[in-house]
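Protein chains: 2
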Amino acid sequence: METFFNPRSVAVVGASNSPFNLGSTICRSLKEFSPWNGDVFAVNRKAEDVFGCPGYASVTDIPQEVELAVIITPAAVVPQFIEQCAEKGIKHVIIESSGFSEGGEQGRAMQRRLDEIARESGMRIIGPNCLGVLDTSSKFCCFYGVTKDDVETFCRNTGSISFIIQSGGIVVIILESFSMDVVKANKIVSIGNKSDIDEADVLEYFQKDDSTEVIGMYLENIKDGRKFIEAARKVKKPILAFKVGRTGEGARAAMSHTAGMANNDSIFDRACRQAGIIRVNAISELHSLPKIFTHMPSLKGKRIAVFTNSGAFGGITADLLVGAGLEMARLSPKTQEKLSKTGQLFNVANPIDLGPAISMQTFLEIFDILLSSDEVDGLLPVPSLWHPMVIEAIVELVKKCRHYGKPAAIYTPNAVHKTVTYRNNYNIPIFESPEEAVRALQVSYENARYTAMKEVLQELNAA
Amino acid sequence: METFFNPRSVAVVGASNSPFNLGSTICRSLKEFSPWNGDVFAVNRKAEDVFGCPGYASVTDIPQEVELAVIITPAAVVPQFIEQCAEKGIKHVIIESSGFSEGGEQGRAMQRRLDEIARESGMRIIGPNCLGVLDTSSKFCCFYGVTKDDVETFCRNTGSISFIIQSGGIVVIILESFSMDVVKANKIVSIGNKSDIDEADVLEYFQKDDSTEVIGMYLENIKDGRKFIEAARKVKKPILAFKVGRTGEGARAAMSHTAGMANNDSIFDRACRQAGIIRVNAISELHSLPKIFTHMPSLKGKRIAVFTNSGAFGGITADLLVGAGLEMARLSPKTQEKLSKTGQLFNVANPIDLGPAISMQTFLEIFDILLSSDEVDGLLPVPSLWHPMVIEAIVELVKKCRHYGKPAAIYTPNAVHKTVTYRNNYNIPIFESPEEAVRALQVSYENARYTAMKEVLQELNAA
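Protein sequence lines, in the order shown, are assigned to chains A and B. The opening residue of the first sequence carries number 805 in this note's numbering; numbering runs sequentially from there. The opening residue of the second sequence carries number 805 in this note's numbering; numbering runs sequentially from there.
Simulated from the structure, these hints should not be mistaken for lab results. It is possible that some hints are incorrect.
A pair holds if it fits inside one copy or across any two, identical chains being indistinguishable in the list.
[To be verified] In silico lysine-lysine, DSS-like type, Cα no more than 30 Å apart, as pairs:
#1 K1142 with K1106
#2 K952 with K1222
#3 K1027 with K1258
#4 K835 with K1222
Turn these sequences into a full structure, and let the hints steer you where they fit.
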């Protein structure tokens, strides 16, 4: 798999100088926009150079070894190019062209032909009908249609969240959202119709990949349920999965997109629970939730302490926590007395009402009391940012959470555009709504239980 | 009620020059930050002037008529000031002080005493334990603790969404969010413990208020269920209500905040359905949803046509629509044929896949075909903003929706910070997530049915 993310040489098959040619956008981005500096060759009928990439009529004409071929031609001619790749001894191929299984019987027949050639030659294929691969460490990106801005953004930011994504549109939202968040993308693989390499293969690779901390998936179907569950069970990192097709209408729409069989949704749900995969409810959760794993210890129990200086959010978060299967921590008289001594708090029972104005010292004392208490498993702080000191207190809170080994899902009651700016400027893991913060605690707890389950399964297998 | 929103003269009782005095922030904001130019008097022990507002020891000493008193003193002395207000003949009082029903038996007794004085004198009271009132038309705002920035923001923007809000923290989020949205606030009333004026009274006023198009409510409890339902049934404008206290924990937290009885949540739910009130699921819906009412015709049926150039969002939105009780419109062969003729569409069945690049002309033709079709009640467009032309097409779509009397809930697949910027710069009603867009269609349809229900009830009452 490694070669897909950092090949020494690439042939872009179908890159030409015709107007609107998609292959040429790949040549340009590799040659001009990205600091990645492997060799790039353009393959087209006229053997013409494209954006400085030497042109050949066939990969077999390229006078040196080619580690990866990216094919982006009309579907009908893909099989002949695959044959040439096999002849050239290329072992890694990404087929970005569409028009295969998702496009009727003729397309399905062509896809089967690809599979045969691949099997015979020992070649591994990503796609067809995909966007390709992005690696923010090696800076290799063979997405078509990306702009200079896009490439500069992901080159600037090397993160630890890797994705398996069946659709290009989702990639854009995730990268854009990460540009204003405390976590960044590491690797993205768009697997498309997955005639060869599927979600289970990539999961296995991401488990071995040291630079990946959290794995996200956008799926329209599962190729092989058993293989998927087995691969996921071996992954010791949080896995977040969104699957389209909860309803018949959604499944029908997805089918026309990436040709998946309309997997029964409740079967997928059960598979996730058996495999230790967190099923997310919205695309936005794929980029909003990873920071609870990267920036906070995991939630090992259900008892949450809320503190806020907006009485309304005490009630709102209590409703949300209970709705999420978590609990409002019951603070003993002793803990409440300690809280009383810190300053002028309005209410020392949970939810703790901080009142309108408390000092940095009081904040720090509250953090210590709650995080050290064996009555509390995690925090849900909802402080208003009425003074720069509050942000500084939150920075200290993040450190204290690590020290005590308990998480805080921080929400500051502001409009989203303000929250996003604060988060970006101060680099602290703030969630964008109370719903999102509670959801983060919920998935943190879910993941802690899955981790325990996987450990037991591993012991049983070893025994 | 009118006087509460635009009094000619105000006494701020409890405003002094002591450090951290909250009353002085009201004097300052009225006198220095806002263009509102009624008379402001400060009432304090020393009879000292505050930020240029003449000071008196009692409202009875003020040598001219006072239309409104804003009281922000410790709770214990509020009754004596209320008596002075009654003596002075002041008919409108806002009590912002806390420490009444929400603060135990002594507080409850004091609140009862206020009620008595008010009843005897014919005075109307907002509060206690509230933030006060804001009117973006008259520019009158007696919120305590607001900054120059806050006041300038709401003075710049006069909108048509009015709110009844039991908590100050919520007001901040709504005003901030509106600063980057196509709708703006009109009037906000923070009703607090509502010893006299309650949600039903304000509903009645907002129905009569021509500058209010949509009403939002944040409630922690309902004072009088029957009165509330009757008032809401007479309102011919969409009403969105968020109530805290879905769970016992949430109700308990709210109780300590604004002293409400923990209304049974399912009773509130039923009351909303009987009263024609849309119950919202999150605070964010109070500011995200109104634009579907102000900028789009209402959704009169369930059949939605989706068009997108991201195959993934075809499936995602289909799932969401079905989950929301709406339907994917079935397009007849005739309609599909018309769509085929517009340009190079990938898929002309619903969800319509626009493919990577279509022209303005094609966009306009698609809008006409779908909006004029009797197979379609509303649209869910999910176009990628890959070219400035797409935004221009959306501007045209908004006009066409008005022309055909059918709504479109627009979502552009970008990170929220980008969406918010596009929406603000181009002034078009874009929603921030596919979930939000589908929810907007759902509430539009719900409101259309409530409107029909209210008309029938009115006819029955008239008969």
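Looking back at the hints listed earlier, which ones does the structure fail to meet?
As far as the earlier hints go, not one is violated by this structure.
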